[in-house]
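So the protein lines, in turn, are chains L and R. Heads up: the first sequence begins at 1 in my numbering, then just goes up one per residue. Heads up: the second sequence begins at 1001 in my numbering, then just goes up one per residue.
You may find that some hints are simply not true.
The calculated DSS-like cross-link candidates involving lysine-lysine, where the alpha carbons are at most 27 Å apart (straight line), are [unchecked claim]:
1) L:K181 <-> R:K1157
2) R:K1404 <-> L:K39
3) L:K161 <-> L:K8
4) R:K1061 <-> L:K135
5) R:K1061 <-> L:K100
6) L:K52 <-> L:K133
7) L:K52 <-> R:K1061
8) R:K1048 <-> L:K38
9) L:K52 <-> R:K1404
10) L:K181 <-> L:K133
11) L:K6 <-> L:K146
12) L:K100 <-> R:K1048
13) R:K1261 <-> L:K129
14) L:K3 <-> L:K161
15) R:K1061 <-> L:K39
16) R:K1264 <-> L:K129
17) R:K1018 <-> R:K1261
18) R:K1403 <-> L:K135
19) L:K52 <-> L:K146
20) R:K1167 <-> R:K1264
21) L:K129 <-> R:K1161
22) R:K1167 <-> R:K1061
By construction, these hints were calculated from the structure, which means they are not laboratory data.
Listed here are the chains, written in short residue letters.
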Amino acid sequence: MEKIIKGKAFVLGDNIDTDQIIPAEHLVYSLSDPDESKKYGQFALSGVPAAKSGLPEGHIPFIEVNNFESKFDIIIGGGNFGCGSSREHAPFALQKAGIKAVVAESYARIFYRNSIDGGFLIPYESFGKLSDKIKTFDQVEIDLEKNILKNLSTDIKYNLKPLGNVLPIIEQGGIFEYARKAGMIV
Amino acid sequence: MGMTITEKILAKSAGKDKVIPGENVWLNVDVLMTHDVCGPPTFAIWKKEFGEKAKIWDKDKLVIFPDHYIFTKNVHANRNVVLLREFAKEHQIENYYDVGTDRYKGVCHVALAEEGYNIPGTVLFGTDSHTCTSGAFGMFATGVGNTDAAFILGTGKIWEKVPESMKFTFNSKLPEYLTAKDLILQILGDITTDGATYRAMEFDGEAVYDLSMEERMTLTNMAIEAGGMNGIIAADEVTRAYVKQRNDKPYETFQSDSDAKYFKTYEYNVEEIQPLVAKPHSPDNRDNVKNVEGTALTKCYIGSCTGGKITDFINAGKLLLGRKTQVPTFIVPASTATAQQLEAEMINGVALKQIFLDAGCKIAESSCAACLGGPDDTFGRAVDKDVVISTTNRNFPGRMGSKKSEVYLASPLTVAASAITGVITDPRNFL
C-alpha cells in the first residue's frame, strides 16, 4: 500500500449514487477484458448532472470526450457516497478512470465493502464535509500513515477517520489476498 | 440483554451463542443468488482467484436468475446471458432459470420467494442491492458486490459487521387508499437515504402483519433506499403458509426479545398517513400526493421487484377497471408467475390483463425493464425530459434512463389514479 496519495481533486456533492457513478446502460461490458473494460473509465461519473459535476462551479467533465482516464486522482464527496445499487462496477469504474482514493463524509455499505474487498480504491471518511471546503482542481495529498488530508492549494490540513478494522484488508489489496494471508483459503 | 431477530440469525449463522452490533463475524451462507449483470464478473473473479482448483462450495445453494437486460438487442447484454448459460452448463447448476425456456422466472427477488428459496431463519446473499427483499420471510438477506460473491462461491463464507437494529411499528388497520409502498416512503422521508446505513430495519405492528407476503416484500425491498443492511419481518402464519406451498424443508423461526436493544424505534398510526410520493431526485424526497396533485406526466410505470407483484396489479386494476389511461402506461409483471396471475386474477369478472389492455396500457414480458434504465431499447425507458410516475424503487438522476427525466415514486394506487387523469392524482379521488 502506498503511504502517500497525491493529485488533483474532483469534488462532488451528497448522495452520489451508483447510477451516477456508472449508469446502468454501461453495466454490460466485460470487467476482465483489458480493452473492453476501459469503457468503465470512459463512462465513470457520466451520470452526474452537469451542474453538479466538479464543484463548486460545476460543468467540469470528469473525463474528457473519448478519453478513458481522468486528469483527476482523488474524489472528494459529501454524505452517503455510493448509495443505490450493489454494482461493483462503480468502484471499478472509478479505479479504471485513475482514481486512487475517495474522501467522503460517509458511505453506503455496499460501495464501501466493494471498494475494500475488491481492492479498487481507498474509501476514507472525513470528519464533517470536505466537499464544501475543497475545490475541484485543488492539489491534495493524503498521508495514509497519519490519516491526514492536506490541501496543497490552500495549505490547510484535515484529519481523516482511521480506516480501522478494514485496514488489514486494504493493506493486502483485497479480501482474497487477506484470506490467503490468514490461511482461510489457499 | 436480549437480541433482535437479526442478531439471532447472524449468531446462528456464525456458530455463536451471541453477537454484538459492531463486531465482525464470518457467516455461513445458505443461498447465494446472482443475475445477468453481476453473475459473469463474479464467475470471472472466482476463476481468477481460485484458479484451476476453483470449486463451488455447494451447487445446490447457488441460484441464478437472468432478469435485468433480457429483451434487448444490445449485444453485450445478450453476451452476459450466454455467459450465465455456459457457466450453468459447465458446472451443472440445477438452479439456473434460463431465458427463452419454460424455466425463465423474471425478477430475481420475486422469483426467490416464488421458487421457495426464501426460508425463515436462513442467510441469503445476492449480487443485487434489493436482495434485502427476502427479509420479509424472517431471514437475513443482503446485497454484496462481485468480489464478495466470488468469495462466497468458493468458500460459502463471508464477513459481515453485525448491524444495530432500528424498529418501525405500524399500528392500526391499513386504510384502503394506502399500500406498503406508502409506509416505506413514510419511513424514507423521516430517516432519509442514509438513515439506516449499516443497520437492520425491523418492521412490526398490526398493519404490517395484516399484509400479504407480496406487500411485506415491498417494505423490506426498499430498506436499501434508507441505506439499510437488511430489512426484516419475523415469520408468522402468513409466512409459514406461503413457504409451505413451495418448500418442505424444516426451518427455525426467530423473534426479537422483548428486551432487545435498538438504535432507535419509530411508531406510526397508519390512519394518520396520507398517500405519498417521493419527488425527483431522491427516494427520501417525500411529499403528500395532495401537494403535487396536477403535476403533468408523460409516462406511468407499474413494474419491478418493488411494484410489479400481483398485489400491486390488483391495486392498480381496481382503479383502472372500466377506465382509460391518458398517458402511455407501462405494465411489467415482476415474474412470469405474476404474468400468469394477470390472466387468472379477476375484478368483477374481468381479468387484470384485460383491464389493463382495455385501459390502453402496454404490457411487457417479465424482467427488470426500465426500473434501472438499461439499454436504449428497454421497454418503458425514460427518454429526454419525460416526467414519470412509477411504482419502482429509485429516482436518482437518470435512474430510469434519461438524465433529464423526472421520476416520482408512488404506490400502484397512486400511479393508476395518475394514469387515468394524466396528472399526479390522489387515489382517494377514485376509491
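So, going through the hints one by one against the coordinates:
1. L:K181 <-> R:K1157: 16 Å, holds
2. R:K1404 <-> L:K39: Holds: R:K1404 and L:K39 sit about 23 Å apart, inside 27 Å.
3. L:K161 <-> L:K8: 21 Å, holds
4. R:K1061 <-> L:K135: Measuring from Cα to Cα gives roughly 48 Å; hence the hint is violated.
5. R:K1061 <-> L:K100: With Cα atoms ~36 Å apart, R:K1061 and L:K100 exceed 27 Å; violated.
6. L:K52 <-> L:K133: This hinted pair holds, its Cα atoms lying about 15 Å apart.
7. L:K52 <-> R:K1061: The hint is violated at about 43 Å.
8. R:K1048 <-> L:K38: 19 Å, holds
9. L:K52 <-> R:K1404: Answer holds: L:K52 to R:K1404 is near 13 Å, not above 27 Å.
10. L:K181 <-> L:K133: Violated - the C-alpha atoms of L:K133 and L:K181 are around 40 Å apart, more than 27 Å.
11. L:K6 <-> L:K146: Holds, at about 14 Å.
12. L:K100 <-> R:K1048: 23 Å, holds
13. R:K1261 <-> L:K129: Given pair R:K1261, L:K129 is violated - Cα atoms ~30 Å apart, limit 27 Å.
14. L:K3 <-> L:K161: 16 Å, holds
15. R:K1061 <-> L:K39: Violated: R:K1061 and L:K39 sit about 33 Å apart, past 27 Å.
16. R:K1264 <-> L:K129: Holds, at roughly 25 Å.
17. R:K1018 <-> R:K1261: 13 Å, holds
18. R:K1403 <-> L:K135: Given that 27 Å is the threshold and the Cα spacing comes to 24 Å, the pair holds.
19. L:K52 <-> L:K146: 31 Å, violated
20. R:K1167 <-> R:K1264: OK: R:K1167 and R:K1264 at ~7 Å, within 27 Å.
21. L:K129 <-> R:K1161: Given pair L:K129, R:K1161 holds - Cα atoms ~25 Å apart, limit 27 Å.
22. R:K1167 <-> R:K1061: Distance ~30 Å between R:K1167 and R:K1061 Cα, so the pair is violated.
Hint check: violations occur at hints 4, 5, 7, 10, 13, 15, 19, 22; the rest are consistent with the structure.
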